[in-house]
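Chemist: Here are the chains, one letter per residue:
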Amino acid sequence: MNRIFLFLCLCVLVFSHPLAAQDSSLRLPAFSKFQLRNGMTVLLLEQHEVPIISFSMVLKAGSTSDPQSKEGLASLTADLLRKGTRTRNSDQISSDLDFIGGEFDMGVSTDFTTGSAEFLKKDIRQGLDLIADIILNPVFPQEEVTKRIRQRIDEIKSAKDRADSVIGRYFLAYLYGKHPYGRPVDGDEVSLAAITRQDVERFYETNYVPANMILAAAGDFSTSEMRGLLEQRFNPWPAKNPSPVRIEEPRPAQGKRLLLIDKPDSTQTYFYIGNVGITRMNPDRVAIGVVNTLFGGRFTSKLNTALRVDSGLTYGARSSFDQRRMAGPFTIATYTRNATTEKAMDMALEVLANLHEKGITAEELASAKAYLKGQFPTSIETSSQLASTIARLEFYGLDENDINSYYSKIDAMTMADARRIIQQYFPKDNLVFVLIGKAGEIQSLAKKYAPTVDTKPITQPGF
Amino acid sequence: MKRLTLLLAGMAIAAATATAQDYGIKTHQLKNGMKILVQEDHSIPNVALYIFYRIGSRNERPGTTGLSHFFEHMMFNGAKKYGPKKFDETMEAAGGSNNAYTSNDVTVYQDWFPRSALETIFDLEADRIQNLNFDEKMIESERGVVASERRISVDASNIGLLYEQLAATAYTAHPYQWPVVGWMVDIENWTMEDLKHHFDIGYSPANATMVVTGDITLDEIVKLAQKYIEPIPSRGLPPKVTTREPEQLGERRVVVRKFAQLPIVMMGYHVPEAANSDYYPLQVLRTILFEGESSRMYQRLVDKDQLAISINGDYTPAFDPTLFEITARPKEGVQPDAVEKAIYEEVERLKTGQVSDRELEKAKNILLADFYRRMKTINGKANALGRYEVFFGDYRKMFTAADDYSRVTKEDLQRIAKKYFTDKNRTVATLIPEKGETRQ
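Note that the protein sequences, when read in sequence, are chains A and B.
Residue 550 in the working numbering sits at position 37 of the first sequence; the count goes up by one each step and never skips.
Residue 1395 in the working numbering sits at position 93 of the second sequence; the count goes up by one each step and never skips.
Honestly, the hints are just simulated from the structure, not real lab data.
We treat Cβ as the ideally placed atom computed from N, Cα and C, and that holds for glycine.
Below, in silico cross-link-like pairs of lysine to aspartate or glutamate (EDC-like), each with a Cα-Cα straight-line distance of 20 Å or less:
1. B:K1439 <-> A:D823
2. B:K1666 <-> A:D609
3. A:K670 <-> B:E1736
4. A:K670 <-> B:D1457
5. A:K886 <-> B:E1391
6. A:K951 <-> B:D1457
7. A:K670 <-> B:E1634
8. B:K1737 <-> A:D778
9. B:K1737 <-> A:E702
Far from chain A, by Cβ distances over 12 Å, these chain B residues were calculated:
10. P1364
11. E1553
12. E1575
13. D1622
14. Q1637
15. K1643
16. R1698
17. T1702
18. D1706
Covered stretches of chain A (chain B as the covering partner; in silico rule of three or more C-beta atoms under 8 Å from a C-beta of chain B):
19. 608-619
20. 802-816
Full structure from sequences and hints, please.
Modeler: In structure tokens form, the structure reads like this:
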């Protein structure tokens, strides 16, 4: 019987899998890497599908470089780059960018500042002139600094009108405490108000140096021509020694504690449960990804099946390992109506306990492997995804092997690996809880989950 | 998460323009009436398969609002061959993932998978189109899921909440007046019979268009469709929606007071459906007013006068006359009426003065770049092709849109500004914060 079954399977495979043989050798397209004489790193990847060229910058300074009580400085600096250069004011920059249908965005995380830009091939020279000007020659006009700080403070207030847009910030602050990963990346109502134009200028002078800069381009260009275009514009940037910040490895929380944020108009409770997780360089990250796919990483995951599919308690429940230079958070996240808060929290904890007790089945393992392999190509499909992927690999000190070995690492994972991963990386008894909801209805159950309970109103500045 | 209903205009395939480039679209019509569009793209070993059903909240009635969206959820809850949970389990084990969305006009099912899963996907789709199972227990569980979705997209989102009030006020007759997710009381009261009726009127193969893009060929898609989809008999089409919204004869206003830190101002002007020739100048006008930091509204309200932290304009393709929506978030301490006044002044400026050549050209460039960006992924291609076919009547409109936009003149912009952006044609919704009691 078995043989017949296998034989039939093979027939199907041969008929409908002509590319299966290639599946285990999915590779990043080739790209070249070089350094400018001032120390800036450049990565170039040709992809000629559509007449678009994408850029991804990674600058090795993020919110962990913010001075104490000036949280949000890295983020504000990144924002203000486009608000005026030596030769263009803010209006001209916007107008020049929009005129060619270009895109330009800056962002900041704990570890780095990112920039992304995209232009039609025909506009590449104007596009590059513009980004080089923005990166090399910003002047940070006082009135733009003042304006942007006011807008940022209002944006934080507006974000607090939506629990799901701020719960992550409260969770990081409560989980990491005084560790730099606990400080708000975009600042808060108080820290932003303390930032001056001089702070912004100093942050720029210290951190925006060629040796900190990785610039990746992907899209419809020839490598030799793009190299020339970039050298022309970025070679004049003077070399300078970077001043990296040293931060300690964060320690996982011991025991249990809970923070309740009161948002009196809530009809649902939003909650995160988790602890400190893993770094991007963790040698087990692929196997951890496989187990997390089954635990809370896809629609049929154990968490979503229990909390959504089987019980209708929520629209969605998930878990994730956020991977950074240092260990990022592991989180279980979901929401449910006020009256079912306790039921949903108990259920989430039960699913976690079951993972430790029962583990996963061989069938589940095979399904998760197929799922991750089947979905992965769409994450390196576009020029912007490719540029961002190779720039980040460079930042983490990794190379294309990280991607090119992805399928074989998935294939190699065993049930024994899964058992070890669960024990080693999924928290069990040490858990941090953050809830946003209507305290009047849910406060009494908080102490059931942790001996330490903290509460504050959502209107209180900070996170 | 999946099955995310795009209740606002988040699904806007804003405006699209294209060169006359031929993207190699092939079509096939099945005997049961379903049309198939195929675009080969072998850049990654993956496939996107979208099925557009021409049925949405516009086909509903008071008492069962939100039914199309609820039905969309039920399409994942088990059929004959693949019982409860099996649709997702089978698809994910084959390396695929899925989502779906419902709007006023359409319900769209999206599958993304490695080409090795192609036949499995056809088997799964055919099973649920033909033999969907209505299980009482699954209905009750899914009712809770949808209620939770409504709480996150309306109760917990001031913009979602205000939009619902705007639409309910701007329309008096047309079904666009109720929310796609449905009123909570309707969510609580749908019956099995309602679901079965919805299936009967909306899910005939002739009411659907399938779009497949990626690492496939037309021949293999046609073969699989003939095997799995063609045997499904055609039934009738949904009853025609004949209601037209009467002309609005004066400004309407609605106010929402609730716990919040910042106010919101939203307004809607009645504008035509996607198939109307004013669609193109209206999209150019929207781009000039709202796209990018150099746009007129951003410059005026966010940058110069510093009245708002953000301002957006949306105009989404629709089957019937719809709303051009403007949303502004006033800064702390700024009265909503100051924001309103500035918006009206910018609108008046379009009526009395002409836009510059550079502004017009910029808008056309932005629309062109947007078009290419959507073409970067097989998913983007599948969605865009399907939306042109369904909303504009022909996928080829996607490739001629460049010409349609290039014909838009400064005079057109002035004409449509005068025609649609009048006080009488306007509905304004404002959210006023109430500082509630918070416990310490």
